[in-house]
Amino acid sequence: MDAVKNKPTLNFIEAIIDADLAEGKNEGKVHTRFPPEPNGYLHIGHAKSICLNFGLAKKYNGLCNLRFDDTNPLTEEVEYIESIKNDIRWLGFGWEKREYYASDYFDTLFDYAVRLIKKGKAYVCALKAEEVNTMRGAPDKPGKESPYRNRSVEENMDLFARMRNGEFPDGSCTLRAKIDMTSPNIHLRDPIMYRIIHASHHRTGNKWCIYPTYDFTHGQSDSIEKITHSICTLEFEVHRTLYDWYIKELELFPPKQYEFARLNLTYTVLSKRKLIELVEGGYVSGWDDPRLPTITGLRRRGYTPEGIRNFCEHIGVTKRETVIDIEMLEYFIRDDLNKRANRVMAVINPLRVILTNYPEDQLEEMEAVNNPEDQGAGTRKVPFSRVIYIERDDFNENPSKDFFRLAPGREVRLRYSYIIKYENVVKDEKTGEIKELHCSFDPESKSGMAGSKRKVKGVIHWVSVKQAISADVRLYDRLFAKPFPDEADEGKDFKSNLNPDSLKVKTCYIEPSVQGTKSLTHYQFERVGYFCVDNDSTEEKPVFNRTVTLKDSWQKKKQ
RNA sequence: UGUCCGAUGGUGUAACUGGUAACACGUCUGACUCUGGAUCAGAAGAGUCCAGGUUCGAGCCCUGGUCGGACAGCCA
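Our numbering numbers the first residue of the first sequence as 1 and each following residue consecutively.
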């Protein structure tokens, strides 16, 4: 009964693996791979794939390779390889020595191509790119056969060798598989296997001037690595038949491909092309801009690997194309940070408060709990004196009945300190702006004292003006103002939906305990949100990035 | 008039070889609280795209539709 009840539900891929294992396929082995192309930075969508592939290997006691699909020297760069490896490691996954490159297989792939030529299953086609495209037909129209389709094996062998030798210019000819120009699946209409690109490759240098296409590379690479479950996104579903065709004609180990739906999130974009546009167009500060859904951006924003992994585990894996509410991601990062981030008091919109009955030169140290969720985190001392800052929002001259904070005639508790009472407000005579507040404190009410038992409805955070250190806070918000950025007005694109308030920089005042902390350290600014130290921090001017706000039911109520 | 894929509360996922829809996020109550945080308790919210059929019984099986997506790079 309990066993049934607690039976973990499987995603469709796990169900397939379970069945395969039950049938004794692949000698009981599970071998996956994560195959990025080194032409951009990884984002949260890749994290889903990474968690899936590495996660499956871990769950089934198998292995997961890292393989760079580097078949296009025109767009790929070493810079990306390092960032990709770095991001995967940061997410908590490793591939030991199994770091492979499709380019490692160029020789093998060339041999495979020769084998197909000899079988009469491939030919060198001298059609121009444009001609190839038009003759391919359309989804609902069959294609036409290339006039070069029936060249002899000898002629094809000779031509292919000459392609390799660099006798022909880029684009002059290609090697094509001879399949079926009338196939309802366009990918089977004599697909290109090799193209001529006189460019140096980041790994093979100038050894090659012909490069295999992704379609002629991916399946065989999986096969060479003995990948048992080749997991990819939905758009490759229609390619599967082609991969299977190559494998069958070449008589190679047959990996099985399964496709799942890629991740989509509200209020952001996850396409490489759009991300590049934002970075290169200067809409953000770079690939690691904390507003971007890139792994490096999320890391800088203060997201944790655990938070991201939990998110990936909970969104599931299916073939349905869906859009996940960004709130889900935010929930998982709050959930994780709540457990690990030390609390600290910081005031972002300061309002000066003078405690009129507190001695001018007195200084006290208040004991504060670092993390109520983690007793092991200990306590710290927070300096307290006559003049403090509180948040402007924590005072209201004309409060409603459900406002719990400071107001005329009311009291509030200063967290880890005294209960204070409103006395009067000082305003700018001309503008009417509130300059400062005069309050009195109750000496018997200090936290921990007998008199502190008194209940006050509100508790607010504060910082002693004299000891506070000032820092820049970067208040990040969602990158886009609309949940579906692509839904733009006529003639405009997703960039027109960028949120103009996605970043606000302010000076804030923080208790001195944060002095000198390392970058990427996570904090919760009590009652405000989670923040993390940015690498731009200096000794004189610390910089904090807001990861995510705290859930705020008062804020919600006001709206 | 093509091929392939998909369709379950607002969102995402689940429901063992058919037994009468569950979990998470979100929302709303309430309790508790020196974070209007966290936590705890509870509620509302779908009858599973539609129409037939098989069956004692269908989200699961069959038939036919509808809607949505992918595919026409010498990108991956």
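Check the hints yourself; a few may be wrong.
[To be verified] Each pair of labels, with its calculated beta carbon distance range:
(1) 363 with 540: 15 to 25 Å
(2) 58 with 27: 13 to 23 Å
(3) 367 with 438: 24 to 34 Å
Hints were generated in silico from the structure; no laboratory data involved.
For each residue, glycine too, the CB sits at the ideal point set by N, CA and C.
So, going through the hints one by one against the coordinates:
1. 363 with 540: 15 to 25 Å: holds, 23 Å
2. 58 with 27: 13 to 23 Å: holds, 19 Å
3. 367 with 438: 24 to 34 Å: The hinted range 24 to 34 Å holds for residue 367 and residue 438, with Cβ atoms some 27 Å apart.
The structure meets every hint from the earlier list without exception.
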